[in-house]
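Given only the sequences and the hints, what does the whole structure look like? Please build it.
Protein chains: 2
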Amino acid sequence: MHFNLFLHDTGHHEASWRLPGSDPYANLSLEAHQHLARVAEDAKFDSVFLADSPVLWSDPGRRPSGKLEPTVLLAALAVTTRRIGLIATASTSYNEPYNLARRFASLDHLSGGRAGWNIVTTAGDAAARNFGLDDQPLHRSRYERADEFLQVATKLWDSWADDAVVADKAAGVHARHDRVRGIEHRGPWFRVDGPLNLPRSPQAHPLLVQAGSSEDGKEFAARWAEAVFTAQPTLAESQAFYADIKRRAVAAGRDPDHVVVLPGIVPVIGDTEREARELDAELDRLIAPRYALAQLAQTLRVDPAVLDLDAPLPADLPGEDEIEGAKSRYTLIVDWARRDNLTVRQLIGKLGGGRGHRTFAGTPLQIADTIQHYFDNGAADGFNIMPAVLPSGIEAFAAKVVPLLQERGLFRTEYDGTTLREHYGLPRPADRFALV
Amino acid sequence: MHFNLFLHDTGHHEASWRLPGSDPYANLSLEAHQHLARVAEDAKFDSVFLADSPVLWSDPGRRPSGKLEPTVLLAALAVTTRRIGLIATASTSYNEPYNLARRFASLDHLSGGRAGWNIVTTAGDAAARNFGLDDQPLHRSRYERADEFLQVATKLWDSWADDAVVADKAAGVHARHDRVRGIEHRGPWFRVDGPLNLPRSPQAHPLLVQAGSSEDGKEFAARWAEAVFTAQPTLAESQAFYADIKRRAVAAGRDPDHVVVLPGIVPVIGDTEREARELDAELDRLIAPRYALAQLAQTLRVDPAVLDLDAPLPADLPGEDEIEGAKSRYTLIVDWARRDNLTVRQLIGKLGGGRGHRTFAGTPLQIADTIQHYFDNGAADGFNIMPAVLPSGIEAFAAKVVPLLQERGLFRTEYDGTTLREHYGLPRPADRFALV
Numbered sequence: 001m002h003f004n005l006f007l008h009d010t011g012h013h014e015a016s017w018r019l020p021g022s023d024p025y026a027n028l029s030l031e032a033h034q035h036l037a038r039v040a041e042d043a044k045f046d047s048v049f050l051a052d053s054p055v056l057w058s059d060p061g062r063r064p065s066g067k068l069e070p071t072v073l074l075a076a077l078a079v080t081t082r083r084i085g086l087i088a089t090a091s092t093s094y095n096e097p098y099n100l101a102r103r104f105a106s107l108d109h110l111s112g113g114r115a116g117w118n119i120v121t122t123a124g125d126a127a128a129r130n131f132g133l134d135d136q137p138l139h140r141s142r143y144e145r146a147d148e149f150l151q152v153a154t155k156l157w158d159s160w161a162d163d164a165v166v167a168d169k170a171a172g173v174h175a176r177h178d179r180v181r182g183i184e185h186r187g188p189w190f191r192v193d194g195p196l197n198l199p200r201s202p203q204a205h206p207l208l209v210q211a212g213s214s215e216d217g218k219e220f221a222a223r224w225a226e227a228v229f230t231a232q233p234t235l236a237e238s239q240a241f242y243a244d245i246k247r248r249a250v251a252a253g254r255d256p257d258h259v260v261v262l263p264g265i266v267p268v269i270g271d272t273e274r275e276a277r278e279l280d281a282e283l284d285r286l287i288a289p290r291y292a293l294a295q296l297a298q299t300l301r302v303d304p305a306v307l308d309l310d311a312p313l314p315a316d317l318p319g320e321d322e323i324e325g326a327k328s329r330y331t332l333i334v335d336w337a338r339r340d341n342l343t344v345r346q347l348i349g350k351l352g353g354g355r356g357h358r359t360f361a362g363t364p365l366q367i368a369d370t371i372q373h374y375f376d377n378g379a380a381d382g383f384n385i386m387p388a389v390l391p392s393g394i395e396a397f398a399a400k401v402v403p404l405l406q407e408r409g410l411f412r413t414e415y416d417g418t419t420l421r422e423h424y425g426l427p428r429p430a431d432r433f434a435l436v
Numbered sequence: 001m002h003f004n005l006f007l008h009d010t011g012h013h014e015a016s017w018r019l020p021g022s023d024p025y026a027n028l029s030l031e032a033h034q035h036l037a038r039v040a041e042d043a044k045f046d047s048v049f050l051a052d053s054p055v056l057w058s059d060p061g062r063r064p065s066g067k068l069e070p071t072v073l074l075a076a077l078a079v080t081t082r083r084i085g086l087i088a089t090a091s092t093s094y095n096e097p098y099n100l101a102r103r104f105a106s107l108d109h110l111s112g113g114r115a116g117w118n119i120v121t122t123a124g125d126a127a128a129r130n131f132g133l134d135d136q137p138l139h140r141s142r143y144e145r146a147d148e149f150l151q152v153a154t155k156l157w158d159s160w161a162d163d164a165v166v167a168d169k170a171a172g173v174h175a176r177h178d179r180v181r182g183i184e185h186r187g188p189w190f191r192v193d194g195p196l197n198l199p200r201s202p203q204a205h206p207l208l209v210q211a212g213s214s215e216d217g218k219e220f221a222a223r224w225a226e227a228v229f230t231a232q233p234t235l236a237e238s239q240a241f242y243a244d245i246k247r248r249a250v251a252a253g254r255d256p257d258h259v260v261v262l263p264g265i266v267p268v269i270g271d272t273e274r275e276a277r278e279l280d281a282e283l284d285r286l287i288a289p290r291y292a293l294a295q296l297a298q299t300l301r302v303d304p305a306v307l308d309l310d311a312p313l314p315a316d317l318p319g320e321d322e323i324e325g326a327k328s329r330y331t332l333i334v335d336w337a338r339r340d341n342l343t344v345r346q347l348i349g350k351l352g353g354g355r356g357h358r359t360f361a362g363t364p365l366q367i368a369d370t371i372q373h374y375f376d377n378g379a380a381d382g383f384n385i386m387p388a389v390l391p392s393g394i395e396a397f398a399a400k401v402v403p404l405l406q407e408r409g410l411f412r413t414e415y416d417g418t419t420l421r422e423h424y425g426l427p428r429p430a431d432r433f434a435l436v
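First to last, the sequence lines map onto chains A and B. Reminder that position 193 of the first sequence reads as 193 in the UniProt record's numbering, one-by-one numbering, no gaps. Reminder that position 207 of the second sequence reads as 207 in the UniProt record's numbering, one-by-one numbering, no gaps.
It should be emphasised that the hints constitute simulated quantities derived from the structure, not laboratory data. All values derive from a computational prediction rather than experimental measurement. Treat the hints with caution; some may be incorrect.
Quick list of simulated restraints, FRET-style, between CB atoms [stated by the list, open to error]: (1) A:Leu138 <-> B:Pro137: 41 to 47 Å; (2) A:Ala167 <-> B:Ala294: 16 to 22 Å; (3) A:Ala167 <-> B:Glu278: 22 to 28 Å; (4) A:Leu133 <-> B:Asp303: 40 to 46 Å; (5) B:Pro137 <-> A:Ala252: 47 to 53 Å; (6) A:Pro137 <-> B:Glu184: 18 to 24 Å; (7) B:Thr331 <-> A:Asp134: 42 to 48 Å; (8) A:Asp134 <-> B:Arg38: 47 to 53 Å; (9) B:Ala294 <-> A:Asp244: 31 to 37 Å; (10) A:Ala281 <-> B:Glu184: 38 to 44 Å; (11) B:Arg285 <-> A:Arg176: 22 to 28 Å; (12) B:Pro137 <-> A:Glu31: 39 to 45 Å; (13) A:Glu31 <-> B:Glu282: 43 to 49 Å.
C-beta atoms are modelled at their ideal positions from N, C-alpha and C, and glycine is treated no differently.
Shown next as C-alpha cells:
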C-alpha cells in the first residue's frame, strides 16, 4: 500500500485556516512545509505532492491563496528530507518542454532520484489570460499538446546515455560526445533540437503522475501515467475507475502494475467518533458561503443568482460535452448533488471539505478499516492523503492510523529503496542508447 | 565594497576539472554547491550567482556541461544559508513572464528576501532551436521583448498591496480583495491579466541584475538593472564602463548609486607569486585546444579551418554590426587579440582562464591591493569573484584576501541587513497601491 501526502498549507478544508490553532501564513512558510514533509517521511510515506495552476485560484479573501511555485518549493524540501518522493504539478499548456524537462531533471539530480511530475493541462480561461490567450484552448487540443509535450520531454531526458559522463581527467574528456545527441523533434506543437543540458538523472525520468479523469484524461493516463490521483466519492466508483485505468493500461500495451491508482481521501480524525464529527461540523460552520457560491457557479457555468442556497441545483445545467474545463470534476459535482438530493448549501459544505474527494470523519481504527476495505476490494493501490486540517491531520494520521496498517502488514515500516520509483515499485526507464 | 561569488562547479578556468583535487561531478552535486555558498556566506559576501542558458553550452567532452536549473538549485541553497543573496540567471526570450515572475517571487518568499534575477536575452541559434525557432531573434528584438517582459513582471510583483493579507479569522477574510488587482497588460509581446498568485514578497521585487554590455544592453541596464556584472580586461576600460553606466542611469532619471557596477575578476591565489603563476600555467597547459578552437570559431562566426593556432587572428573578421549574438563579448575578444598581438593559441589560453574577465595571479596581498586600486579609482562598486579553481579559490579568497580588505575598513565584517537589497544598499520598491 502506498501513501502520498497532498500538501496544502492549513489543510484541504477551505475553512481550515480559520481554526484557532492554524497558522494563516503557512502557505508561504518554508518551515511549515518542512514540518509536513518530515512528518510524512517519518511515517514512511512514498511521497508528498503539490497541486498547482498559474493563476490566482479563487477570491483572495476566501483562504490563503498565495502559492509558492512547486518545483522551487520542492527543491527546498529536498534538502531537509532524505527518502520521501517530491511530486510537483506543472502545466503542459503554459510551459515549454525544454524548460520543464530541465527543471524536473534538476530536481531529480538534487534530490537523489525523488522527483515526480503531476502532469496537468490547466483548465480555465483565467489561466489562459495570463499567457496571451483570450480563452482556454479546447480540451482535446490541450491533451494533444500534452501528448507531444511528453514525447519531447522523454526524448530530452534520454538524450544522454547513462554512461555518457566518463570524467577522464588524463585524456581531457568529460563526457563522450557520441553518447550525447540531439533529439531533432519536429511535430505539430513543438520543434526542439536538444540535447538536454543535463546528464541522465538518477530516475532517468521523474515519476509521471496524472489526475484528469475525463475520457481524454484517462487515455492520456493509460499512455503516460505511472501514478494516478483521482477523486471518487464511493467505493463502487473507485472500483470502477480502478478497473478502467488498469484495462486501458493493458490496452496501451503496458503492465497494469506500472500504473498505481491513488484515490484521494480526506481524513478528519478524532480519538472518538464524536470528536471527529465535531471537528467536521466546526469546519463546515466556518465556510463563508459567499465565496463558495461564486466558485460553484463558475464550475457549473451558471450565473450565481440562479443558485438558491436552500434549494437543489437547477434542472437545466450544461452537459459535460459543453464543458471545456475540468470535465470530470463537473460531472462528479452534478451527479453527487442529484444522487444525494443535496441543497446548494449542503453541496457547498461537502465541496469545501474535500472538493469531491471521499471525506472520512472517524477514529483511527475506523479510518484504518476503511482504507483496508478499499485496498482489499480492488479500489486502490494506495491513497492520496488530504487531511482536512494541517499539520494536525497528518500528525494524527502518522501517529495513529499508520501504525495500525503497519501492524496488519499492509504498509512499510522502513523504506526499501532510495528513489521515488523504488517506493512505488516502478521501473527506471531503459537507456535508449542501450537499445540501439 | 560588495562581493558576489560566481558559482561554477570546479572553477571558471575551463580546465579546472582536470586538476587532481577537483571533483568532476561537482556540477551536479548539491553538497558541492552548499559548500561554496557557505564559504561565501561565512566571508560575508553579498551574494552568490549562477549563469545560465537553456542549451548545451559546449562540446560535452570539454568540461562538466550539465547545468542544474538556477531557480531550483538556489531554492535548495536557500535552506542551508541564512543571509547571503541568491542570484539566478533566466531568459526573457524563452520564458513567459507570469511563470518567471512567480518563480522569483517564490524564491524571495522562501529565502526571506534574498532573491536576485540576472536578466538575459539569451544569444545563440542553438538555444533558439530548443524553442521552436530556426535562428535566434534579432538582438534589438530580444531587447524589446526584455523591456516589455520587465514591465509585466514588475506589475505582477506589485499586483498585491503590501497590506493585502489580513488573515482575519473572525471575519473570514484572508486577504482584502480590493488590495489585490489584475494588471491587464496589453503590449506587442505580451497580454497578461494577472494578478500574480503570490502576495508581495519580502523584497517586493528580486534584485534586478544585468550583464550585457552592448549598446542595447547598456540602455536596458540604465532602465532596469540595480546591479551590473561586466567583463573589463583593464582598469581604464573598467573606469570608462563604470562612468558610462552611471551617466546612463542618471539620464534615465535614476539615482546612480542604485546601479551597482561589479566587474568580474578571476583570482588565481598563491602564497607566493611563483606559486600563483605555477597554478595559472598548469591550468593553461591542461586546456585541450580542439574544443577551445571550435568555440572561438563559433564566436567569431568563421570556419575553424581559417584559425591557425600559432598565428594572429585573420584580418577579415565580421564587424560587430553583423553579430546578432553576444556583441560585447565578440568585440572584447577581437580588440584584445589585436591590441596584445596574440596568437590564436595565446588568445585561447586567456579566454579559457577568464573568458574575457580580468585574471589576477598573485599573493593575497597583491590581489587585495589590486581590488582596492580598482575600487578607489572609480572602476567598481564591488566585484564578481570568479575563482579559476573551486572550491579552493574561494576558500583562499575568504581566508586570505577578505581579512585584508576588512582590516582596511573596505569590506563588512558582519551583515547589517537581512535581504539582498539591504546588502547592496538598494531600496525596496514602493507599494504601487500606496502611490494611488
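Hints versus structure:
1. A:Leu138 <-> B:Pro137: 41 to 47 Å: Roughly 29 Å apart at Cβ, these two residues miss the hinted range, so it is violated.
2. A:Ala167 <-> B:Ala294: 16 to 22 Å: Given about 21 Å between the Cβ atoms, the range holds.
3. A:Ala167 <-> B:Glu278: 22 to 28 Å: holds (24 Å)
4. A:Leu133 <-> B:Asp303: 40 to 46 Å: Holds, since leucine 133 (chain A) and aspartate 303 (chain B) (Cβ atoms, about 44 Å apart) stay within the stated range.
5. B:Pro137 <-> A:Ala252: 47 to 53 Å: violated (40 Å)
6. A:Pro137 <-> B:Glu184: 18 to 24 Å: holds (21 Å)
7. B:Thr331 <-> A:Asp134: 42 to 48 Å: About 44 Å separates the Cβ atoms of threonine 331 (chain B) and aspartate 134 (chain A), which means 42 to 48 Å holds.
8. A:Asp134 <-> B:Arg38: 47 to 53 Å: holds (49 Å)
9. B:Ala294 <-> A:Asp244: 31 to 37 Å: violated (54 Å)
10. A:Ala281 <-> B:Glu184: 38 to 44 Å: holds (42 Å)
11. B:Arg285 <-> A:Arg176: 22 to 28 Å: Holds, at about 23 Å.
12. B:Pro137 <-> A:Glu31: 39 to 45 Å: holds (42 Å)
13. A:Glu31 <-> B:Glu282: 43 to 49 Å: holds (46 Å)
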